[in-house]
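Numbering-wise, the sequence shown is residues 778 to 1395 according to our numbering.
A couple of the hints might just be wrong.
Ranges of calculated distance between the beta carbons of each label pair, as one might list FRET restraints [said to hold, decoys possible]:
id, residue 1, residue 2, range
1, D1116, I869, 53 to 61 Å
2, H985, A1134, 52 to 60 Å
3, E1293, N1077, 40 to 48 Å
4, S1126, F1267, 43 to 51 Å
5, D1166, R1304, 26 to 34 Å
6, F1267, S1291, 20 to 28 Å
7, N1114, L1345, 50 to 58 Å
8, I780, Y1258, 52 to 60 Å
9, R1304, K1233, 15 to 23 Å
10, C1120, K1233, 25 to 33 Å
11, G1161, A1197, 30 to 38 Å
12, K886, I780, 31 to 39 Å
13, M867, G799, 29 to 37 Å
14, I1234, G1161, 56 to 64 Å
With a straight-line cut-off of 27 Å between C-alpha atoms, the simulated DSS-like cross-links for lysine-lysine are [what the hints assert, rightly or not]:
id, residue 1, residue 2
15, K1313, K1336
16, K1153, K1189
17, K1302, K1233
18, K872, K886
In short, the hints are calculated from the structure, not lab data. Just so it is clear, CB atoms sit at the ideal spot from N, CA and C, and this is done for glycine as well.
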Amino acid sequence: MKIVRAILHKGEWLLDALKRIGHSMIPSNCILNKTLTGLGATHSEIHSKRSSIIIEPNVPVILGKLDDNENLEAVYAKCTPYNLKKYLQMDIQYKKIITTPESFHKIRKAAEELGINIYKSFFCLFDECEKVTQDIDYRRKIAQPIYDFFQFEQKAFVSATPLPMSHPEFERQGFQMIKVEPDFDYRKDLTLIVTNSYFRWLNIVLDHLKDSKHICIFFNVTDGIAELISNLGITDYKVFCSQDSVNKLLKLGMMNAYSQITYPLAKYNFFTCRFYSALDIHMGKHKPDIIMLTDLRTANWTMIDPFTEAIQIQGRFRRRGQDDVTYNSLTHISTVNPDLTLCSREEISSKVEQFCANYKLLKEAHDEELDEFKKKAILEDMRGLKYQDLIDERGEINPFSVDNLYNEERVKGYYQSAEALHQAYIDTGFFNVNFVNASYCVGDDDIERLNNTTIKIDQRRIILHLAIRIEEWFLSGKINYEEKEQQLNFFKQHPEGNYILSAYEKIGKDAIVSAEYKRGLIDRKVREFDKAQAHKLRFSENVLRDIQREFPIGVYIPKKEIQQRLQLILQDNGVQFKVSQDTIRDYYNVSESNSKESPSFRLNAFLFPMVDFFFVFL
778 MKIVRAILHK
788 GEWLLDALKR
798 IGHSMIPSNC
808 ILNKTLTGLG
818 ATHSEIHSKR
828 SSIIIEPNVP
838 VILGKLDDNE
848 NLEAVYAKCT
858 PYNLKKYLQM
868 DIQYKKIITT
878 PESFHKIRKA
888 AEELGINIYK
898 SFFCLFDECE
908 KVTQDIDYRR
918 KIAQPIYDFF
928 QFEQKAFVSA
938 TPLPMSHPEF
948 ERQGFQMIKV
958 EPDFDYRKDL
968 TLIVTNSYFR
978 WLNIVLDHLK
988 DSKHICIFFN
998 VTDGIAELIS
1008 NLGITDYKVF
1018 CSQDSVNKLL
1028 KLGMMNAYSQ
1038 ITYPLAKYNF
1048 FTCRFYSALD
1058 IHMGKHKPDI
1068 IMLTDLRTAN
1078 WTMIDPFTEA
1088 IQIQGRFRRR
1098 GQDDVTYNSL
1108 THISTVNPDL
1118 TLCSREEISS
1128 KVEQFCANYK
1138 LLKEAHDEEL
1148 DEFKKKAILE
1158 DMRGLKYQDL
1168 IDERGEINPF
1178 SVDNLYNEER
1188 VKGYYQSAEA
1198 LHQAYIDTGF
1208 FNVNFVNASY
1218 CVGDDDIERL
1228 NNTTIKIDQR
1238 RIILHLAIRI
1248 EEWFLSGKIN
1258 YEEKEQQLNF
1268 FKQHPEGNYI
1278 LSAYEKIGKD
1288 AIVSAEYKRG
1298 LIDRKVREFD
1308 KAQAHKLRFS
1318 ENVLRDIQRE
1328 FPIGVYIPKK
1338 EIQQRLQLIL
1348 QDNGVQFKVS
1358 QDTIRDYYNV
1368 SESNSKESPS
1378 FRLNAFLFPM
1388 VDFFFVFL
């Protein structure tokens, strides 16, 4: 795709940059990469001298745009066909319609019934276009307007953080990328705290901000928000989330929950992901402090993408007058998970190919089957295939659904380690990063996870992983021997701790993992180890020396006495081995007397001459 660069000077708006490359309005057939939020892309289209349909990611964004624009028709779930038709028939030179993706079909239907060709008479602007890729896995209808979008003669995608898109129509219709390039330093200061003591560091940050008038916390788990409010004893708060989440919080007795922005802001303000982008949050007298939270203990969907969501979140707050600084501080507190498994692009491509092949096989079987009951059974199987998650309402593979698979793996990769997340923030080029690696050898989160786990197999898995981490930290010099032993002794107090750590010392990690952390299988491997170890130890130099000293040569000694004395020697040397009367044959050439009164052995010669050699020179 061709890239056209548009220079932006400090203090300018989007149209100023576009005019430098010959455009007085947003041009058609482009993906407009604004680089910065708040440049007035939507505002410019609302006031452009053409009729426009603007697709916004969700309702709060639309409601925010309505405040200052009387000639703007909002189309979302509550919009009635009557009102929309009435608006389309109004005698207005330039009609402006703003809609959610899910409600676009209402515009199409109303226009068709009125004989209006929207594809010729309207410009279509798809705002915050990365949301189609990011949200389509749980919000299938967000891509519904795509077929319509590409039918418009005049159209554009726009965002400050667009993602790569593989839809073939972009190339077929000759789209170009217009990248706005500021000629000034626009980077924002950000503190990144990566920790395995999540609540400890959240409390540290909140205590540091205790004098802040407005703290805005972006966290994409409603239950997690409720837990924070309860645990921190917060009373002066507001939660901004979906209407379903509002209803959920109300049932929990949290009455300050809203599905759209309300003012004034509270001391503590919580936002779920529907408020991460596009929305304008107007500041009052006091600037907010922003905290972004990623808690992988709670859910993977709390991950914040440094390249898109972090940039969008900090851009929600609109400047007052000429003040470019819209907030006091920006902090991201995050946990990481080194056990996250990633798929490469090649693996994803192979998976998608196989999903399609599986569907095709079943489709052919369904079409050829004559028995109606079998046809229904095949159809049920088809509906359960992963392929169904990748197709659109026309039954065709949706490129945005495939892009979503690649995008999820990209973001997951940042959260495998503190270093990876730090590097991602650096690579955005958008932030001056103050990196705080607050990871402990054993953090509060590790202890909490162990204490909250009731399944013994999972307890053993957690303790083993922590023991390995303790050993790695010790070997790398991050902790000393005393600290290592102190932490290991702590876990030995756990009901499963001493057991799994003892097994680990004997058979190692791989054997325990292959035993699937099951006690019966672990015990069997430990017994095999002990047997092999005993066999090795009972022929050690110390044992051989003690045996040779214990028994005289050429004298008959009762078998039972030999057995008892040999058992004591092995026990004294820490060898776990059950001695029989014939065990002495492993060490001596013997002659046997099977007298009924006193069965005995005469020890003729020791079988290990190297020990005799040792004693000659002792």
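We went through each hint and held it up to the structure:
Range check, D1116 to I869: Cβ separation about 58 Å, and the 53 to 61 Å hint holds. Checked against the hint of 52 to 60 Å, the C-beta distance between H985 and A1134 comes to roughly 55 Å, which is consistent with it. Between E1293 and N1077, the C-beta spacing of about 24 Å breaks the proposed range 40 to 48 Å. Between S1126 and F1267 the beta carbons are some 46 Å apart, a value that agrees with the proposed interval 43 to 51 Å.
Between D1166 and R1304 the beta carbons are some 47 Å apart, a value that contradicts the proposed interval 26 to 34 Å. For F1267 paired with S1291, a C-beta distance near 27 Å keeps the hint of 20 to 28 Å intact. As the Cβ distance of N1114 to L1345 is approximately 52 Å, the hint placing it in 50 to 58 Å holds. Checked against the hint of 52 to 60 Å, the pair I780 and Y1258 passes, with Cβ atoms roughly 57 Å apart.
Between R1304 and K1233 the beta carbon distance is about 20 Å. The supplied range of 15 to 23 Å therefore holds. As the Cβ distance of C1120 to K1233 is approximately 31 Å, the hint placing it in 25 to 33 Å holds. Checked against the hint of 30 to 38 Å, the C-beta distance between G1161 and A1197 comes to roughly 35 Å, which is consistent with it. Take K886 and I780: their Cβ atoms lie about 37 Å apart, and the range 31 to 39 Å holds.
For the hinted restraint 29 to 37 Å between M867 and G799, the CB-CB distance of approximately 33 Å keeps it satisfied. Look at I1234 against G1161: about 29 Å separates their beta carbons, and that is not inside 56 to 64 Å. About 24 Å separates the Cα atoms of K1313 and K1336, which keeps this hinted pair within 27 Å; it holds. Restraint check for K1153 and K1189: the C-alpha separation of about 38 Å exceeds 27 Å, so the hint is violated.
At roughly 18 Å between alpha-carbon atoms, K1302 and K1233 fall within 27 Å of each other, so this suggested pair holds. A threshold of 27 Å between alpha carbons decides the hint, and for K872 with K886 the separation of about 17 Å falls inside it, so the pair holds.
Violated hints for the displayed structure, listed by number in ascending order: 3, 5, 14 and 16.
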